[in-house]
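Chemist: Below are the chains, spelled out letter by letter.
2 protein chains.
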Amino acid sequence: MISLEISARTAAGGRTGILRTPHGEIRTPAFMPVGTYGTVRGLTSDQIETCGADILLANSYHLALRPGAETINKLGGLHRFMGWRRPILTDSGGYQLFSLSDQVRIDENGAVFRSHYDGSPFELTPERAAEIQRLLGVDIGMVFDALTGLPDDREEAASAAARTVRWAKRTCEHVPVSDQTSMFAIMQGGLFDDLRAENAQALIELDFPGYAVGGLSVGEDPDKTMSTAETSVRLLPENKPRYMMGMGTPQDLIRLSGWGYDMFDCVMPTRNARNGTLFTRRGRISIRNSRHAEDTSPVDERCNCFTCENHSRGYLHHLAKRGEMLAATLGSIHNVSFYQDLMNEIRGALAEDRYETMSSEFLAEFCSEPEE
Amino acid sequence: MISLEISARTAAGGRTGILRTPHGEIRTPAFMPVGTYGTVRGLTSDQIETCGADILLANSYHLALRPGAETINKLGGLHRFMGWRRPILTDSGGYQLFSLSDQVRIDENGAVFRSHYDGSPFELTPERAAEIQRLLGVDIGMVFDALTGLPDDREEAASAAARTVRWAKRTCEHVPVSDQTSMFAIMQGGLFDDLRAENAQALIELDFPGYAVGGLSVGEDPDKTMSTAETSVRLLPENKPRYMMGMGTPQDLIRLSGWGYDMFDCVMPTRNARNGTLFTRRGRISIRNSRHAEDTSPVDERCNCFTCENHSRGYLHHLAKRGEMLAATLGSIHNVSFYQDLMNEIRGALAEDRYETMSSEFLAEFCSEPEE
Numbered sequence: 001m002i003s004l005e006i007s008a009r010t011a012a013g014g015r016t017g018i019l020r021t022p023h024g025e026i027r028t029p030a031f032m033p034v035g036t037y038g039t040v041r042g043l044t045s046d047q048i049e050t051c052g053a054d055i056l057l058a059n060s061y062h063l064a065l066r067p068g069a070e071t072i073n074k075l076g077g078l079h080r081f082m083g084w085r086r087p088i089l090t091d092s093g094g095y096q097l098f099s100l101s102d103q104v105r106i107d108e109n110g111a112v113f114r115s116h117y118d119g120s121p122f123e124l125t126p127e128r129a130a131e132i133q134r135l136l137g138v139d140i141g142m143v144f145d146a147l148t149g150l151p152d153d154r155e156e157a158a159s160a161a162a163r164t165v166r167w168a169k170r171t172c173e174h175v176p177v178s179d180q181t182s183m184f185a186i187m188q189g190g191l192f193d194d195l196r197a198e199n200a201q202a203l204i205e206l207d208f209p210g211y212a213v214g215g216l217s218v219g220e221d222p223d224k225t226m227s228t229a230e231t232s233v234r235l236l237p238e239n240k241p242r243y244m245m246g247m248g249t250p251q252d253l254i255r256l257s258g259w260g261y262d263m264f265d266c267v268m269p270t271r272n273a274r275n276g277t278l279f280t281r282r283g284r285i286s287i288r289n290s291r292h293a294e295d296t297s298p299v300d301e302r303c304n305c306f307t308c309e310n311h312s313r314g315y316l317h318h319l320a321k322r323g324e325m326l327a328a329t330l331g332s333i334h335n336v337s338f339y340q341d342l343m344n345e346i347r348g349a350l351a352e353d354r355y356e357t358m359s360s361e362f363l364a365e366f367c368s369e370p371e372e
Numbered sequence: 001m002i003s004l005e006i007s008a009r010t011a012a013g014g015r016t017g018i019l020r021t022p023h024g025e026i027r028t029p030a031f032m033p034v035g036t037y038g039t040v041r042g043l044t045s046d047q048i049e050t051c052g053a054d055i056l057l058a059n060s061y062h063l064a065l066r067p068g069a070e071t072i073n074k075l076g077g078l079h080r081f082m083g084w085r086r087p088i089l090t091d092s093g094g095y096q097l098f099s100l101s102d103q104v105r106i107d108e109n110g111a112v113f114r115s116h117y118d119g120s121p122f123e124l125t126p127e128r129a130a131e132i133q134r135l136l137g138v139d140i141g142m143v144f145d146a147l148t149g150l151p152d153d154r155e156e157a158a159s160a161a162a163r164t165v166r167w168a169k170r171t172c173e174h175v176p177v178s179d180q181t182s183m184f185a186i187m188q189g190g191l192f193d194d195l196r197a198e199n200a201q202a203l204i205e206l207d208f209p210g211y212a213v214g215g216l217s218v219g220e221d222p223d224k225t226m227s228t229a230e231t232s233v234r235l236l237p238e239n240k241p242r243y244m245m246g247m248g249t250p251q252d253l254i255r256l257s258g259w260g261y262d263m264f265d266c267v268m269p270t271r272n273a274r275n276g277t278l279f280t281r282r283g284r285i286s287i288r289n290s291r292h293a294e295d296t297s298p299v300d301e302r303c304n305c306f307t308c309e310n311h312s313r314g315y316l317h318h319l320a321k322r323g324e325m326l327a328a329t330l331g332s333i334h335n336v337s338f339y340q341d342l343m344n345e346i347r348g349a350l351a352e353d354r355y356e357t358m359s360s361e362f363l364a365e366f367c368s369e370p371e372e
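Order-wise, the sequence lines are chains A and B.
For the first sequence, counting from 1, position 246 maps to 246 in the numbering used here; every step adds exactly one.
For the second sequence, counting from 1, position 320 maps to 320 in the numbering used here; every step adds exactly one.
Please keep in mind that the hints were generated in silico from the structure rather than gathered at the bench.
You may find that some hints are simply not true.
Heads up, incomplete: computed chain B residues facing chain A, CB under 10 angstroms, no partners named [what the hints assert, rightly or not]: (1) L206; (2) D295; (3) R322.
List time: in silico SDA-like cross-link candidates among lysine to any residue, alpha-carbon distance up to 20 angstroms [to be verified]: (4) K321(A) to N59(B); (5) K74(B) to S297(A); (6) K321(B) to G68(A); (7) K321(A) to H116(B); (8) K224(A) to R255(A); (9) K321(A) to T277(A); (10) K224(B) to E155(B).
Stretch by stretch, here's where chain A covers chain B in the computed footprint (C-beta under 8 angstroms, at least three residues) [to be verified]: (11) 71-84; (12) 324-330.
Since the structure is predicted, the reported quantities are computational estimates derived from the model, not experimental observations.
Beta carbons are placed, not taken as given, at the ideal position from N, Cα and C, and that holds for glycine.
With the rest of the complex left out, here is chain A (with noise of 0.2 angstroms):
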C-alpha cells in the first residue's frame, strides 16, 4: 500500500511531500526515468539511482510479451529482474494498444492481438493487467484504460470514458485490497472539461490509491493540452497522488509541478541523449555540432553528474559523431541527472514558498539561447 504525506501548498495548488511505497519513499512531484522493457536504456541500477532517481517506470505490456510476466515472475519480480532497489511503476499498455490500433481488436471485454515478436495471439482485459502487474510486484501499476485519438470529438471522448470507468470497476472487482501493488486509475475525457468532471467523479467513487490524466499529448493543439491539464488536476483528490503520464519537457514539468502534478515519465531524457541532444541550464545543446569539437568544458559547468565530472564536451563529441554506446550511456546520465536536478530545484521552491520565482528564473535562462 502507498501513501502521500504533503508538507508544503502554493495558493495555485502545488505541493511537495513524500509519497510512502513498499520499496521505499518518493520525494514528489517526482520524474521517473523510462525503462520500458526493463531496462532504462544504456544505463545500469546503480547508475539511475546515482542520477538521483526515486522511482522509474516499466511497461507492463511490454514486458509481458517478452520475457513474459509469469517468467518475470519466477525470476523474483521486476525489482530483482532489473537490479531495482526502489519503487517501480508500470503502465498497463492502454496507451501502446491504442498507438497500435490497426493491429489491434478492441471491444468491450478488452483487446486482442497477436505479439510482434512471434505472431502469438495474446489478450489484454482490465483483468489481466492488474494480473500481470501483480505478478511483477510493483509499487504501483495503472489500470487498463480506453482511449481516443480523437480528443476533441465528444462522443469518441465519451465513449472511451465511459469504457475506462467501466475497466477501472472490473479492476477494482478484481485486485484484493491487501495488495502490495496499487492501482491507479486514469482519468480521461478528451479536451472537454465537464467530461473530465464526470469522469473523475465516477473514478474517484471507486476509491483508487491514486489517479493519473491520460489521454493528453495524443496531437492535439498543445494549448488545449495544458488547459485540460490545469483543469483536470483541480479535479482530482487532494489527498492521493496525482500523475501526468507521457509529458516532460523540463517546461512542462515546471508548470505541472505547479498546478499540483506530483509524478511525471517522459522518454525525453533518455531518447533525447541516444540522439545527442543533451540538456544544460541554457537549453538543449546537440553535441554533434562540430563547435564542441576542442571544447574542454563539460555539458553544463553547474551539473554534478559523472558525465560532467568527467568528462569534456570534446570527449562527448568524439563518442557521438563515432556512433559509440559510450555517448548514449554518458548522455543518459547527464539527461536524467539533469531532470532529477530540476525536480529537486521545484521541490525546494515549493517547499519554501518561493516556486514563482523559481519557475521564471528557470525558464528565463533556459530559453535564453536558440536552439542548435
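Following the hints, position chain B against chain A.
Modeler: Chain B in isolation, oriented as in the chain A frame:
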C-alpha cells in the same frame, strides 16, 4: 619513465611484480582491456576501474584519424579525454595499417593512406607515430613497426624484421629520453627462431624501456604461434616488461604468463560480451541460449562483479534477446572482471610458487563442459 620491480620468479620463467608508470602502478602480469577509439565499448571509466584493470590500451592510429592527436592534446591528453586516471598504453598503428595493406602504400619512410572517414591524405612514420603518442600523453607508447602477413616466408619475415629495427632506431633518435611516454619496441621475425633472436638483439642494443612480441596470430598454425611465443620471451631482457600483443584467450593468458610475459591485450572479453558470449569458470556460455531464460543464478556463482551481484542469467538473456545496450554493458563488466580475476589468480600463483597447480586446475575446470 617506467620501472619494473619483480617480486617473484618461477623455475619456468614466470614472474610477478609491479610496473611503475607516471599514472600509477600496474600489477604484472597484467591484462589491458582494449579501448581502441578512446572508449572500452559500453563501459564508463569508473566501471573499468571497478572491474580491476590497472591499465588500458587505446590505439594512437585510430585516435590520430579521429578526433586527431592535436585535438586530444588540446583537450588535456588522453587520460583526461577518457576520464581515466590510471596508466594507458597505446599501439602505434603498424598492425592496423598492415591489415589494410591494399589501401596503404608502405615504403622505407613509412605509410601513406587516406582516412576512411573523409578520404583526406594521411602519413604515418616512426617519428610521427611517436609524436602522436607523446601528444596523447600516454604512459607507454609502441614504436611503429613493420609486419608481414607471411610469417613463414623467410625472406618476407627477415625484411619486415630489418625494417622494424631501422624504424625503432629512428624512433629512439626522435624521442627525448626524459619523455613521460616510454616507448616499447616490437620484436618481429615471423616464425623463425634465428630471425627472432637477431631482431631481439638489435632492438636490445637500442635499450628500450620495454619490449613487445609482435607479428603472431596473423593466420599461422596455432602450435607455431605458441612455440614462437615461448622462444621469443626468452630472447628479451629479464629486467624489463615483456608484452605479448593481441593474444588473450584465458588459456593463452595462463600459458604466456607461465613463460614470463608481463602484459597482454585482447578484444575478446568486450567483443564476446557484445555477442552474448560470457566467461565462467566452467567455460564460455552463450547467454542468448534459451536454457538461460528462467535461470535465477548469476553468470558465475563465484564472481563478485556488479553483474553477478545484481542480475540473473534470465535478465541478461532478456536484454541480449532484445538487443538492449545494457546487455553489452553488463556482459562487458562481467567479462572484463573475469579476466582481471584470472590475472589476480595467476599473479597469486606465481608469487606463491603454485603456478603449475593453479594452471592445471583452472584449465581442467574451464574446459570441462562443451561450449554452447
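Chemist: Hint by hint, say whether it matches the structure.
Modeler: The hints, checked one at a time:
{"no.": "1", "hint": "L206", "in the structure": "34 angstroms, violated"}
{"no.": "2", "hint": "D295", "in the structure": "8 angstroms, holds"}
{"no.": "3", "hint": "R322", "in the structure": "6 angstroms, holds"}
{"no.": "4", "hint": "K321(A) to N59(B)", "in the structure": "17 angstroms, holds"}
{"no.": "5", "hint": "K74(B) to S297(A)", "in the structure": "12 angstroms, holds"}
{"no.": "6", "hint": "K321(B) to G68(A)", "in the structure": "13 angstroms, holds"}
{"no.": "7", "hint": "K321(A) to H116(B)", "in the structure": "14 angstroms, holds"}
{"no.": "8", "hint": "K224(A) to R255(A)", "in the structure": "14 angstroms, holds"}
{"no.": "9", "hint": "K321(A) to T277(A)", "in the structure": "13 angstroms, holds"}
{"no.": "10", "hint": "K224(B) to E155(B)", "in the structure": "18 angstroms, holds"}
{"no.": "11", "hint": "71-84", "in the structure": "holds (count 8)"}
{"no.": "12", "hint": "324-330", "in the structure": "holds (count 6)"}
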